Structures are given as C-alpha cells and as structure tokens.
Amino acid sequence: MNKGYLFILTTAFLFGTMETALKFFGSLFHPIQITVLRFFIGGFMLLPLARAALKTHGAVLTKKDYLFFAKAGFIGVFVSMIFYQLAVVYGKAAVSGVLFSCNPIFVAVWAHFLLHETIDRYVISSLVLSAVGILSIVNPFHFRGTYLSVILIMLAAVTFGLYSVMGRPACQRLGGVTVTSYSFIFGAAELLVLVLLGRTAPIGHLLTSAGLSVFADVPLLETLTPSHLPALCYIAFAVTGAGYASYFMAIELTNPLTASLAFFIKPILATFFAAMFLGETVMPNMLVGVGLILIGSLTNLYPKLKAK
Numbered sequence: 001m002n003k004g005y006l007f008i009l010t011t012a013f014l015f016g017t018m019e020t021a022l023k024f025f026g027s028l029f030h031p032i033q034i035t036v037l038r039f040f041i042g043g044f045m046l047l048p049l050a051r052a053a054l055k056t057h058g059a060v061l062t063k064k065d066y067l068f069f070a071k072a073g074f075i076g077v078f079v080s081m082i083f084y085q086l087a088v089v090y091g092k093a094a095v096s097g098v099l100f101s102c103n104p105i106f107v108a109v110w111a112h113f114l115l116h117e118t119i120d121r122y123v124i125s126s127l128v129l130s131a132v133g134i135l136s137i138v139n140p141f142h143f144r145g146t147y148l149s150v151i152l153i154m155l156a157a158v159t160f161g162l163y164s165v166m167g168r169p170a171c172q173r174l175g176g177v178t179v180t181s182y183s184f185i186f187g188a189a190e191l192l193v194l195v196l197l198g199r200t201a202p203i204g205h206l207l208t209s210a211g212l213s214v215f216a217d218v219p220l221l222e223t224l225t226p227s228h229l230p231a232l233c234y235i236a237f238a239v240t241g242a243g244y245a246s247y248f249m250a251i252e253l254t255n256p257l258t259a260s261l262a263f264f265i266k267p268i269l270a271t272f273f274a275a276m277f278l279g280e281t282v283m284p285n286m287l288v289g290v291g292l293i294l295i296g297s298l299t300n301l302y303p304k305l306k307a308k
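Going by UniProt numbering, 111 is the number at position 111 of the sequence shown; the sequence numbering is gapless.
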C-alpha cells in the first residue's frame, strides 16, 4: 500500500478518537488547561516539519508573518478550540465529532466572502444537505443532549472554517504545516496569557462575575501527576501532534484532495469510538445525519474530483 494512504488512515484514526479521548479523560483535566497544553505540545511537535517546509518554499519568516500567526492562532485556537472543547464537555462526543466535521462547508462560504471564490450549485447543494444532516442529528423534537453543546460546536466549526480560509494565502507561500505549527503555538500562548490573568484575584473575580468562571483560576502544570501522563501523551502528542503531522505527510505523499479523505472517515470513527468507549447510544437519526453530512461534503468536493 502507498505510504500516503497509511498516513491518511492514521490521520483518520487519530482525529476520529479526538472527541472520545477528550471526553473519556475529561475528569483529569480542566478544559482550558488541556487546550493550552495540547496546542503548545502539538505546535512544537510540528516545528521540525515547519522548518523543512520553509526551506522547501525558500521562505524566511518576517514580522508580518508572526503577526499573521498571532491573528490566525487567536481565531483557530483561542476562539474555535475553546468552543470545541466546551462543546465536548457539555455534550456528546459523537455529536461534536460529526458536527465539527462539516466545517469544510463553512470554508466554502468564508472563501466566497474573503477570497471571492464562486458559490456554485455544488456548494449550495452541499450546504443544504449538511444543514438537513445537522437537523437530523439534533432532532429538535426529540433531542437527547444539550442545545448549548450544539451551539458551541457549530461556532467551533464556523470559526475553524474562517481560520482555514484566512490561512490559505500564507499556506501557499510558507506551507500548510508552517502555518499550522506557528498558529498553534501563538494561539496557545494567547490562551496562556488569559489563563495567567484569570489566576489573579481581580481578573478572576471579574471573569466569574461575568459568568466566565471556566477561565478563572485555571490550573496549568501544578495539578498534573504521573497518572495524568498517559492521557496527556495521547491527547497532546498523538492526537494533536502526530495527527496533524500524519495529515501533512499524507498531503506530501499524495495530494491535498486525497489527504482530505481522512476527514470523511473521521465522523464514522468518531461515532463508533464514542459508542464503544463512552457507551453513547447511536440513534437512527444520528446515522442519517452522518450520511447526509458525508454526501454533502462529497458534493462540495465533486468539481475537484471531476477536474482530476
């Protein structure tokens, strides 16, 4: 088998376990704590690949690039991944995994407004199918979950779509792994600043008064013990670091279109692992929703597949 396809399967497996792992080990970590740690670790793990990509592109980072990484990190980690983490905490892992997988649809919408790409009939069909799929999963009349988690995961998907689009020009010049690595590090650093401020009495009290107690008095390393290491290693080193590294290796050995197959496999695996390890019940409407979102994503991808 082509090594590229092994990396695609590895990516799909690691990303497919993400929500289940975060939920399964959720009692060990504060949600903001694990977000800071996993993106710092993941970002630094990608640095060797990022430096290699810079050499390949013959690029040198400038002050403007670092400012962009700070902006991208704010959207992609500080905002999107906080929504994502809290959605997993407050809702079902399977629902979060599947709904977040529809973020490529929002990429198409953001690309239209920011990069002036055309919204054709395929994109519109994709949006409609995905919307029906989301409604099928949420099932407003018989929803077995919290609407807060659904709102949070959709906000995560929308903002991650924005992060993906705003990074495209930089990815073409610096390489996708470079943008991902540095934006992860900058985003985690920005979140760390908020955490440190939230540990001070005045800011902590202000955050709590505003209903944002989740950002107040967040632990960092002081609560970690040797028993936390296996979970931290899997979430940070495997899922976040190795997962993204595997994805970029898949792109190198195949192409971006083929590598994106990992994201079509992810919602299926996310549902399977949540049922197996968390005992989450997979209802028929969930399966219908997964199917519709997958068809919607494939519809969005069809013109590129046809061009190939």
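Read the hints as simulated data drawn from the structure, not as lab findings. These numbers come from a predicted model, not from an experiment. Where is the CB? At the ideal position from N, CA and C, for every residue including glycine. Treat the hints with caution; some may be incorrect.
The calculated label-pair distances, taken between Cβ atoms and stated as ranges, are [as the list claims (entries may be wrong)]:
1. T223 - V128: 41 to 47 Å
2. P303 - A275: 32 to 38 Å
3. L287 - D120: 27 to 33 Å
Status of the hints after comparison with the structure:
1. T223 - V128: 41 to 47 Å: Because 46 Å falls inside the window, the suggested range holds.
2. P303 - A275: 32 to 38 Å: 34 Å, holds
3. L287 - D120: 27 to 33 Å: 29 Å, holds
Violated hints for the displayed structure: none, as all numbered hints are satisfied.
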